[in-house]
Structures are given as structure tokens and as C-alpha cells.
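Please put together the full structure from these sequences, using the hints given.
The sequence shown begins at 1 in full-length UniProt numbering and counts up by one.
No lab work stands behind these hints, which were simulated from the structure alone.
We put the beta carbon where it would ideally sit given N, CA and C, even for glycine.
A couple of the hints might just be wrong.
[Said to hold, decoys possible] Lysine-lysine pairs mimicking DSSO-like chemistry, simulated, CA-CA at most 27 angstroms apart:
id	residue 1	residue 2
1	Lys44	Lys77
2	Lys88	Lys44
3	Lys14	Lys44
4	Lys88	Lys77
5	Lys77	Lys14
[Claimed, not checked] Label pairs and their computed distance ranges (CB to CB):
id	residue 1	residue 2	range
6	Ser28	Asp86	40 to 46 angstroms
7	Gln53	Leu89	36 to 42 angstroms
8	Met9	Arg52	15 to 21 angstroms
9	Gly64	Glu92	36 to 42 angstroms
10	Gly61	Glu92	19 to 25 angstroms
11	Gln21	Gly61	19 to 25 angstroms
12	Leu89	Thr11	24 to 30 angstroms
13	Phe45	Ser10	17 to 23 angstroms
14	Arg31	Gly90	40 to 46 angstroms
15	Phe55	Ala24	41 to 47 angstroms
16	Arg29	Leu87	36 to 42 angstroms
17	Phe25	Ala85	17 to 23 angstroms
18	Gly90	Glu40	31 to 37 angstroms
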Amino acid sequence: MSHDEEHIMSTREKLVRMANQIAAFFHSRPREEGVAGVAEHINKFWEPRMRRQFFEMLDSGGEGFDELVVVASARIKRPITPAEADLKLGLEAFPGDVAAPQE
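Following this line, the structure appears as C-alpha cells:
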């Protein structure tokens with residue numbers, strides 16, 4: 001990949017690429033170990049914001065993700081939203097953090 005191509009790659013494309021690189025490493029392991037390894041790596045090293053975007057992408061179809069990543073997603077911690085964090089602290093949710101109602 002050229003420097004120019006990498007520079008214009010979107011955050012979503014980068015997340016897919018990183019997740020698939022993790023899966024590529026674990027494909028050499030027995031299936032169960034690979035699934036656990038992908039989930040453990042993402043849980044340990046991806047910050048909540050990255051995991052939140054990861055789940056948004058999976059929830060909208062998960063296009064581009066390696067099958068091992070999709071299977072491992074059941075073991076990946078789904079982070080709470082900023083609004084949920086506010087509510088857990090007993091604060092009123094900031095209006096910008098609350099998702100618009102789906103119609």
C-alpha cells in the first residue's frame with residue numbers, strides 16, 4: 001500500500017484492516033484458540049471508542065471483516081455509550097451523546 005493510499009484510508013477501513021490482521025495471525029492456531037485470541041487481543045488493546053465503532057460496523061452488516069473476527073465478536077466487550085456512562089454516574093445525559101430515535 002502506498003503512502004498516499006494509507007493517508008486517505010478512513011478510520012473504518014483502518015479498523016477492518018487491523019482486525020483482519022489480528023485474525024490472520026490467529027488463523028494458524030486451532031479454531032477455538034484463534035477465536036479466543038482475536039477477542040482477547042481486541043479486549044486488551046483496543047480502547048472503548050475503537051470497540052464502539054467496531055460494534056457499530058458489525059451491527060450494520062460487518063462488511064469486510066474476516067469470519068474469525070465476526071465469530072470472536074461474541075467474546076469482545078461491548079463498551080457503553082457516553083450517555084450510558086453519564087447515567088451510571090447519576091448524571092443527566094448530554095443531549096449530543098444521546099442517539100436520535102430510529103423511525
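Right, here's what the structure says about each hint:
1. Lys44 <-> Lys77: holds (10 angstroms)
2. Lys88 <-> Lys44: holds (23 angstroms)
3. Lys14 <-> Lys44: holds (18 angstroms)
4. Lys88 <-> Lys77: Holds. Lys88 to Lys77 sits at ~17 angstroms (cutoff 27 angstroms).
5. Lys77 <-> Lys14: Holds. Lys77 to Lys14 sits at ~20 angstroms (cutoff 27 angstroms).
6. Ser28 <-> Asp86: 40 to 46 angstroms: Holds - the Cβ-Cβ distance for Ser28 and Asp86, about 43 angstroms, lies within 40 to 46 angstroms.
7. Gln53 <-> Leu89: 36 to 42 angstroms: violated (23 angstroms)
8. Met9 <-> Arg52: 15 to 21 angstroms: holds (19 angstroms)
9. Gly64 <-> Glu92: 36 to 42 angstroms: For Gly64 and Glu92 the Cβ distance comes to about 37 angstroms; the hint holds.
10. Gly61 <-> Glu92: 19 to 25 angstroms: Hint violated: Cβ distance 33 angstroms, outside 19 to 25 angstroms.
11. Gln21 <-> Gly61: 19 to 25 angstroms: Holds, at about 21 angstroms.
12. Leu89 <-> Thr11: 24 to 30 angstroms: Holds, at about 27 angstroms.
13. Phe45 <-> Ser10: 17 to 23 angstroms: holds (20 angstroms)
14. Arg31 <-> Gly90: 40 to 46 angstroms: Distance hint for Arg31, Gly90 holds at roughly 44 angstroms.
15. Phe55 <-> Ala24: 41 to 47 angstroms: For Ala24 against Phe55, whose Cβ atoms are near 21 angstroms apart, the range 41 to 47 angstroms is violated.
16. Arg29 <-> Leu87: 36 to 42 angstroms: Between Arg29 and Leu87, where Cβ atoms are some 40 angstroms apart, the hint holds.
17. Phe25 <-> Ala85: 17 to 23 angstroms: 32 angstroms Cβ-Cβ, so the 17 to 23 angstroms window is violated.
18. Gly90 <-> Glu40: 31 to 37 angstroms: holds (33 angstroms)
Going through the hint list in order, the structure does not satisfy hints 7, 10, 15, 17.
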